[in-house]
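In order, the protein sequence lines correspond to chains U and Z. Just so we're aligned: the first sequence equals residues 1 to 529 in UniProt numbering. Just so we're aligned: the second sequence equals residues 1 to 314 in UniProt numbering.
Any given hint could turn out to be false.
Claimed, not checked - Some residues of chain U that are not near chain Z, with every Cβ distance over 12 Å (derived):
| no. | residue |
| --- | --- |
| 1 | Asp156 |
| 2 | Arg222 |
| 3 | Ile279 |
| 4 | Thr327 |
| 5 | Glu346 |
| 6 | Val388 |
| 7 | Thr389 |
| 8 | Leu401 |
| 9 | Glu460 |
To be verified - With beta-carbon atoms standing in for the labels, derived distance ranges:
| no. | chain 1 | residue 1 | chain 2 | residue 2 | range |
| --- | --- | --- | --- | --- | --- |
| 10 | U | Ala192 | Z | Gln276 | 20 to 28 Å |
| 11 | U | Arg418 | Z | Trp147 | 36 to 44 Å |
| 12 | Z | Phe146 | U | Lys464 | 51 to 59 Å |
Stated by the list, open to error - Stretch-level coverage of chain Z by chain U, calculated; a stretch enters the list once three of its residues show a Cβ under 8 Å from a Cβ in chain U:
| no. | segment |
| --- | --- |
| 13 | 32 to 38 |
| 14 | 274 to 284 |
I should point out that these hints are in silico values taken from the structure, not numbers from a laboratory. Heads up, the beta-carbon is just placed ideally off N, CA and C, and yes, glycines get one too.
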Amino acid sequence: MTRKIDRRTFGKGTAGLLLGGTFLGGARSVRAQYAAPAEGGMRGGKLTVGSIVEPPALDPFHQGADARIQVTVLMYQGLMFEDASGTAKPLLAESHELSEDGLTYTFRLRRNAVFHGGRPMTAADVKYSYDYVRNPENGSPGAGDYATIEEITVLDDHTVQMRLSEPNAALLMTLTNKYGGVVPEGYFDDQAARARMNQQSVGTGPYMLAQFQPNSFLTLKRNPDYWNESSGLLDEITFVYLPNAASMLVALRSGRVDMAVLSRPQDAAQLEDAANLEIRRFPSFNQKSIDLDLAYEPLAPLEVRQAIALAVDKTKLMQAAIGGFGTVIGTMPAGMQEGWGAPVDELPNQGPDLARAKELMAKAGHGGGLELTLTTIIGYDWMDPAAVTLAEQLKPIGIDLQINKVDLGVWINNFRSRKMGFTFNDWGSQPDPSLLFYRHFHKQPEGADFRNWNDGPGSELLDKGRQESDPAKRRAIYVDFQKRLAEQVPTIMMFSSDHVVVSSRKVKNYRHHPTGWYFGLADAWVEQA
Amino acid sequence: MGGHLLRRLLAAFVTALLSSLAVFLLVRAVPGDIVAQMLGQAGGDPATEQALRGFFGLDRPVWQQYLAWLGQVLQGDLGTSWTQGLPVAGIVGQAFAVTLELGLLTLIVATAIGVPMGLVAGIHEGRLLDNVIQGINILGLAAPVFWIGLMLLIGASALIGWSPPFMYSSPGQDLWQNLQILLLPILSLGLLQAVAYSQFVRQSVVSALQQDYVRTAIAKGLPQRKVFFKHILRNILIPLVTFMGLILVQILGGVVVIESLFALPGLGRLLLTSIQNRDLPVVQGGLLLVVGVALSLNILIDMLYQYLDPRMRR
Chain U
1 MTRKIDRRTF GKGTAGLLLG GTFLGGARSV RAQYAAPAEG GMRGGKLTVG
51 SIVEPPALDP FHQGADARIQ VTVLMYQGLM FEDASGTAKP LLAESHELSE
101 DGLTYTFRLR RNAVFHGGRP MTAADVKYSY DYVRNPENGS PGAGDYATIE
151 EITVLDDHTV QMRLSEPNAA LLMTLTNKYG GVVPEGYFDD QAARARMNQQ
201 SVGTGPYMLA QFQPNSFLTL KRNPDYWNES SGLLDEITFV YLPNAASMLV
251 ALRSGRVDMA VLSRPQDAAQ LEDAANLEIR RFPSFNQKSI DLDLAYEPLA
301 PLEVRQAIAL AVDKTKLMQA AIGGFGTVIG TMPAGMQEGW GAPVDELPNQ
351 GPDLARAKEL MAKAGHGGGL ELTLTTIIGY DWMDPAAVTL AEQLKPIGID
401 LQINKVDLGV WINNFRSRKM GFTFNDWGSQ PDPSLLFYRH FHKQPEGADF
451 RNWNDGPGSE LLDKGRQESD PAKRRAIYVD FQKRLAEQVP TIMMFSSDHV
501 VVSSRKVKNY RHHPTGWYFG LADAWVEQA
Chain Z
1 MGGHLLRRLL AAFVTALLSS LAVFLLVRAV PGDIVAQMLG QAGGDPATEQ
51 ALRGFFGLDR PVWQQYLAWL GQVLQGDLGT SWTQGLPVAG IVGQAFAVTL
101 ELGLLTLIVA TAIGVPMGLV AGIHEGRLLD NVIQGINILG LAAPVFWIGL
151 MLLIGASALI GWSPPFMYSS PGQDLWQNLQ ILLLPILSLG LLQAVAYSQF
201 VRQSVVSALQ QDYVRTAIAK GLPQRKVFFK HILRNILIPL VTFMGLILVQ
251 ILGGVVVIES LFALPGLGRL LLTSIQNRDL PVVQGGLLLV VGVALSLNIL
301 IDMLYQYLDP RMRR
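Same shape as in the complex, but just chain U (with noise of 0.2 Å):
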């Protein structure tokens, strides 16, 4: 039994696929939140995803890894949602006001959400989830990204209020979809409930969690009480997790996988010929990068980071990485970079420019040769050949690289001590500045500074960035901060690969989202014999 889903039309440019649906338009007004509207989307049927990276766990509240994120975002919601427009749009909020001081966000609520087993959720359940992410003693890993919230007060039972201790421009895209989720109060209360979140989910998403078999798969199934009546179109959604890419090519030609986002993008390329199989690319929010340790001797010389970053081929670099998978960015990931970015012909130290980047070398005192040591990390496929593409570029400017090959949790855990020396790194954030930028290049104690950057200018623009929320002005003083950025050379941010989806051409209206997270399965069908 399947049951078409009409919706009335919605702005233009939504593509055109009218397959096999009866189009009722303006019969009921239903909306896709996520994605495209789905037109004669089909209710029922099975979808199997495959994917290399696999969840350690479920919990949203405690799990920071993006595998998690991905798809826990199907079953635990937020107030607001990361519109891949780069702006936050309500989610289980209906509205939103903020009082003139800028301190005080009054949200309304969503009145016929529902958490997965059938209890309304409440401006309680709201108020609950947040104290309980913001609180650091809780262990979230968020934690410090709601520090500025003073207080949450219950107005009534759709009505919530969050006082801020100082104006923060961040805050609804803080209270999207990474960490938490609205779940019903006290439910952390019990032990236990840390784990129960892998066999159980809790939520008010399009998906609740069927079964969990970590090393093998991952079955959600529709909500039957999901507030949105459009969305949540597949009776099952199933993740199976492959060990490497070759199997995923296989699964994918076999038809035992319907849809994948590849590991590596250039894999592509290989399942051209595949006549059952579509390939399409979607812009990303992630930044693959350079980054620079300036308590790493070698690079704390501002010199030396300069002439690197001016003999940098980032084009070059890219298509020995991800072939031409992705674009070349300045100082803010693809996605971002209509918002926020800064113009990259504004930016200074942009390469290559080699007679440059030797004067500059020259001036350090290292006209006769420097050794570095770049840190790459194990499973991150582009990392390799990137390492050597590198090492040949630096080489005419008398670096000579060694290349250093760690464990993600060994890497990760000098990352967070500040002791990264000079490595590459495969990041994202929800797409706000505030988020993007903060935490990584704020002085301590404020931010982490994870590249011992220490910048007193910078962090002025940060500061100042987050306390103004005229969209205007906020973007130009992140725009100073770009070029504050690229003048200092931190980091080097070399390019955001694309998003390959592969999927089986019975999949229908599937938009991957830029943080990569698969928000779009909730408005995807199958179509069905």
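Starting from the known structure of chain U, fit chain Z onto it as the hints suggest.
Below, chain Z alone, put in the same frame as chain U:
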């Protein structure tokens, strides 16, 4: 005999205890713990880290952590997984069942192929058949297991359009699907062990053929069959059993690679991901089981000797 067994068991217990200590210290010596893993590269502040370390008991001195863990283990409780929140015994047991099935089936396949090959080669020493089998052996020994596995996987998909299902089902859930999933892993591991087997059996037969008692048996006109089964085969049984134990241990080691390649939720893959996730209770419990299995196999083989070789019963 009873005293000997008791001594062996005691020695095994001490070995297990020492290796548990070694494992415990080793996994804690690896930089980067579960807390850093959970917080990711940029999340959390010092208070959060502190709270999480307390939650996992990582804020206590290592010797206290060890004693607490050991006390639990001696009471038969392997603890709770830090990432999944389920009892370690259940997780490890489930994974071991997969590995054990794979190991035993591989052993059967390896024996069924390798022993006859070795016998034939040994009896025909120096002749064409022997050379052909030796050639196969050398090729087999030179090929790494992941390569054979990958070739089988890609080959099966490209040539006959078949690939194994990858959502694991146990033999109890769905035997047919279970066997389909295990087919390629068993073949890739089994072929490799079969050539090792065949090489070993050939050597044993060749050296047995040079023994005086065999020459005597042939000289006094015993039928060939009798010489072969009664004199040669009986005498190579002992080294063969030792070798079988070694092979089983080697298979259990080789499964880490094969389980990862074929996405089997066995002990090898469990240990690998648990180490990556720094889920120490699972790593400790899993390795303790591996040590236990290796020790039991040794004792079992020791006892088999005594059964096979009357001289050792004295």
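To see whether the hints hold, each was checked on the structure:
Annotated as non-interface, Asp156(U) keeps its C-beta farther than 12 Å from every C-beta of chain Z; the closest such distance is 32 Å. For Arg222(U), the condition that its CB be more than 12 Å from all CB atoms of chain Z holds, with the nearest at approximately 19 Å. Every Cβ of chain Z is farther than 12 Å from the Cβ of Ile279(U); the closest lies at roughly 19 Å, confirming the non-interface assignment. At roughly 22 Å from the closest C-beta of chain Z, the C-beta of Thr327(U) stays outside 12 Å, upholding its exclusion from the interface.
Consistency note on Glu346(U): stated as away from chain Z, and its beta-carbon is indeed over 12 Å from all of that chain's, at 27 Å minimum. For Val388(U), the requirement that its beta carbon stay farther than 12 Å from each beta carbon of chain Z is met, with the minimum near 23 Å. Under the 12 Å C-beta cut-off, the non-interface status given to Thr389(U) relative to chain Z holds; the minimum distance is some 23 Å. Here Leu401(U) stays apart from chain Z, with its beta-carbon at least about 22 Å from theirs, past the 12 Å limit.
For Glu460(U), the non-interface assignment is confirmed: its Cβ lies about 21 Å from the closest Cβ of chain Z, beyond the 12 Å cut-off. At about 25 Å, the beta-carbon gap between Ala192(U) and Gln276(Z) stays in the expected band of 20 to 28 Å. Separated by about 41 Å at the C-beta atoms, Arg418(U) and Trp147(Z) satisfy the suggested range of 36 to 44 Å. Roughly 54 Å separates the CB atoms of Phe146(Z) and Lys464(U), a value that falls within the hinted 51 to 59 Å.
Residues of the segment 32 to 38 of chain Z lying with their CB closer than 8 Å to a CB of chain U number 5, which satisfies the three-residue condition for coverage. Chain U is given as covering the segment 274 to 284 of chain Z, and this holds because 4 residues of the stretch bring a CB closer than 8 Å to a CB of that chain, at least three being needed.
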